[in-house]
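For the record, the sequence lines run as chains A and B.
Just so you know, we're using this note's numbering here: the first sequence kicks off at 1 and counts up by one.
Just so you know, we're using this note's numbering here: the second sequence kicks off at 302 and counts up by one.
Treat the hints as calculated values from the structure; they're not laboratory data.
Among the hints, erroneous ones may be present.
What the hints assert, rightly or not - According to the in silico footprint, chain B covers these stretches of chain A (three or more CB under 8 Å from chain B):
#: 1; segment: 89-99
#: 2; segment: 155-162
To be verified - Just a sample of chain B residues kept apart from chain A, beta carbon distances all over 10 Å, derived:
#: 3; residue: P326
#: 4; residue: K332
#: 5; residue: V336
#: 6; residue: T342
#: 7; residue: S371
#: 8; residue: L418
#: 9; residue: D428
#: 10; residue: S520
#: 11; residue: K547
#: 12; residue: I597
#: 13; residue: Q633
#: 14; residue: I639
No residue lacks a Cβ here, since even glycine has one placed at the ideal position from N, Cα and C.
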Amino acid sequence: MIIDRTHLGWAAFTAGATLVASTLYLMTFHPDVLPIKLPSSEAAAMVPPTARAGSTPLGLVYGSLALLIFFFAGLLGWRRKHPSWRVGAIQFWLKAHVWLTLLTIPLVLFHCGFHGGGFMTQSLLWLYGVVMVSGFYGLALQHIIPHWMREVLPDEVVFEQIPYLCEKLQEEAQKSRKELEIQIEAKEAADPNAPKISSDIIFRVIDQEVMPYLKPNVMRRSRLHREAASDKLFKLIAKEVPADLRGPIDRINDLCDEKRRLNMQTRMQHLLWGWVLVHAPVSFLLIIVTIWHAFVASYVY
Amino acid sequence: MSLQPNSHKIEGETLSLEKLLVYFPALNEVKPMPVLKAAATDAAALRRFKKGEIICEEGDFGSTAFYIVSGKVDIFIASPMAHIRTKASTGSIFSRSLSKISSILSTDTDSGSSRKLIPVDAPVDLDVKNPVAQLVAGDLFGEMTCRTFQPRSATVRAAEDCEIVEVLRVILDMLFGTREVSDHVKETTKVKAQTFKGTSLKKEFDEKYRRRGLQTHLSSVHLFESIGKEFLDYLVETVKLETVLKGEVICSEGDIGDGFYLIRNGMVRVSKKRPGGEVVLNYLTRGEFFGEVSLITEQTRTATCTALDTVDLVKIDRADFKKMLDQFPQFQSEVSAIAQKRMETGNQLQKTIQEEVGLEEFLDQGLLEAQNLLIIDLDKCTRCDLCVQACAESHEGASRLIRDGLRYDKYLVPTACRSCKDPLCMTQCPVGAIRRTNTLEIKIEDWCTGCTRCEQLCPYGNITMHTIGNDDGKRTWIGQVSDFITTFSVRKKVPVAALSPVSKALPTPAPTSSSLPTPTPTPSPVSAPTPTPAAPGPKPAAPAAAAKPAVQKSVMKATTCDLCMDYNMPSCVYACPHDAAKRVNPATFFAKQMPSLKAKPKFRLFANDRTTHTENK
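Given these sequences and hints, build the entire structure.
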């Protein structure tokens, strides 16, 4: 999701809510910082600033709000699984997800009074940190990668079809191999005195390097994965055959180029969505631990 | 025997010219005789069918017409009335009901202009609720398939033992004088193409139609329901029966309106002039009408109507139309409402055209053909595929959208219906099931026979065929309860699984309005039925196992994006989390975007080729 003008409303809401939350926090715990002395500040100032803010009424309100936002944020996964349901556009849900979770930063900080607390609280804060950082990382990637993909991959395909396309590439490579084999045999039969073509080497490269490389998985260690090395290899092979037999080899080279492009798209797609592998499970864990924290806190205190 | 270069084989007894002349004596009028002899050789065969045998099946391709010599046949649509429903097929009872309620609350964009009759390639139309009729001796069916190679529009089965003459197009051309020779053929071939002027049989058929079929035809048109019988009798005597050949203009935009037209046979294109070309407003088929706007408004014609193939028309003169308007207030109000709607559609289109500026390059890519284009901003799209998933979820798992296609700068034009200005997909539907709604979207009616013609005609690959009706027994009890609840909501869309195939309960056929004479040598043993719709027709033979093949075969339905008409926003756009998917008018949208597009537009085609569109045109 790209943050643009359409987010102004949400940004204003989040900023306003942060301002209100900050003012209330300062009024309650640091009234001396405020330029205006409010009548309620006297009583509130009785509470020591370093006390457990979470256990105060305001702290509990902040904590509860943050927990509710966590629940709502978690519902996004459910919403995405049913994209056609008319329960508010997913775009709205995602905007709310982004901005409300951003709002949880002041809420959580005010709730914990800028103190780490015990082991559980600290663990909770760490989990929260991981979720927020991974979320922001994902958001940043969504601003960069789509544009990059458009520039780098003008022939981008539907990602889910890549395995099928790889199968097609393999079929094409097999056809070219067969064609080359027939052409070499015909050439040798036509002119038995001509220098022998080292077809063994060529077919070994095709069978042992090209065909495995054209499989759907990304083979980073293959030299065909690097464009320069691949070009060098094909140039060497091309030297082994007469100029009129290079057609099939050039086609196989093109297929390797195509596979490199598909590999690049795969990598970019993984980069674009890989962060979710961290964000989603840790978010789930965060909600569980937060519920446990709320239960323990309310039971103990 | 092989009858034509297309190697269509007719089984049965090949008819020599002498025998053919027995069935069609009017062929004697074709001169000179050597031409007749050459043309009629191997062009017809006599076929005998036992009771229950299938004569032809809907969706089959063919190049022949059938003339019933003796006996009766049932003509019906075997495909179940169904379509891919627009609602979520998965999820809990809560979600399904919520979606349903939401759809009920939203505005329905198609205000129910569905037709009551299905036009088929025979002298009768089929009732949508009861798509079966009977043809008798002297009737001709399969004429449009023979002339235009459209797929068969209906299944025909022998109701009793019958004899039928199956003929190739050349016989029809000789009898009716309707052979068209295109300018291209004239220019490129040295051999002079043979043309036929027709025989007295054509006049005879017209007269028969006027006596037997016209009143039925007129009274079957919803518009004429309020017209009194006396006036209908008067019309039967005064209307003109006209035949227009392929490509001929019936009336031109700007002309003074001289009459009202009812289509008896064939297809008419309604178009409007615009800067740089013309826009097709609609394609009209048998049973539809045109020409009323200029007569009501006392102004010139607002659109041009052209025959797409040989078109038979019923023309009501201006004076008679005026009389109808004066004498029948209900007729006046109904026809005025229709004219008003048509004018609004034309004006809306005109307004859209005026907003289109400086986008000539779009023409090459067909983007200007589109009225409502789905685009995806690739700079915003995270390739999450939710648009496709939402589309599939909204249509029982059958997505009408493929996230691949043409690119225009940072915009991807996915494979989804564009609601083209000239919807070629509509031009050859044998049963008129694909149509345009009042809001210009393309809609496929439930009686689609799955012939794939529209799919082949769409230049952008935006119509897909889906198998339906196989979800029987797969639903969970929660899903079944949800279905039960939603079935009783406001919208009456019958679940596919609940539909009975036609063979299970063949309804009573409507009586035919026979328009062809009984052949002289073999007088029909069955008299033509009374041409009144209310008359009880003879019951068809008990459906035998012969109908089964047609029913089992017809499980395919064409689907195309209808912009989720039941909702207020297409599901693909609604589901996009990143504001990347949009439905836009391409001309106005890109006109606004043009200054911000950095480079000259780069075009790319994945699966579709614009040349197809040009060729089809």
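Hints, one by one, checked against the model:
1. Judged by the Cβ-Cβ criterion of 8 Å, the segment 89-99 of chain A is covered by chain B as claimed, because 5 of its residues qualify and three suffice.
2. By the rule of at least three residues with a Cβ nearer than 8 Å to a Cβ of chain B, the coverage given for the segment 155-162 of chain A holds, with 5 such residues.
3. Listed as outside the interface, B:P326 is consistent with that label: its C-beta sits roughly 61 Å from the nearest C-beta of chain A, beyond the 10 Å cut-off.
4. Separation of B:K332 from chain A is adequate, the least Cβ-Cβ distance of about 59 Å exceeding the 10 Å criterion.
5. Every beta carbon of chain A lies more than 10 Å from that of B:V336, the smallest distance being close to 53 Å; the non-interface claim holds.
6. Distance to chain A confirms B:T342 as a non-interface residue, since its nearest Cβ pair spans about 47 Å, more than 10 Å.
7. No beta-carbon of chain A comes within 10 Å of the beta-carbon of B:S371; the shortest separation is about 56 Å.
8. In this structure B:L418 is separated from chain A by more than 10 Å, as the shortest Cβ-Cβ distance comes to about 34 Å.
9. In this structure B:D428 is separated from chain A by more than 10 Å, as the shortest Cβ-Cβ distance comes to about 34 Å.
10. Here B:S520 stays apart from chain A, with its beta-carbon at least about 43 Å from theirs, past the 10 Å limit.
11. Consistency note on B:K547: stated as away from chain A, and its beta-carbon is indeed over 10 Å from all of that chain's, at 41 Å minimum.
12. Against chain A, the non-interface label of B:I597 holds: every CB pair exceeds 10 Å, the least being about 41 Å.
13. B:Q633, annotated as away from the interface, keeps every beta carbon of chain A farther than 10 Å; the closest lies near 42 Å.
14. The Cβ of B:I639 lies farther than 10 Å from every Cβ of chain A, with a closest approach of about 33 Å, so its non-interface assignment holds.
When each numbered hint is compared with the structure, no violation occurs for any of them.
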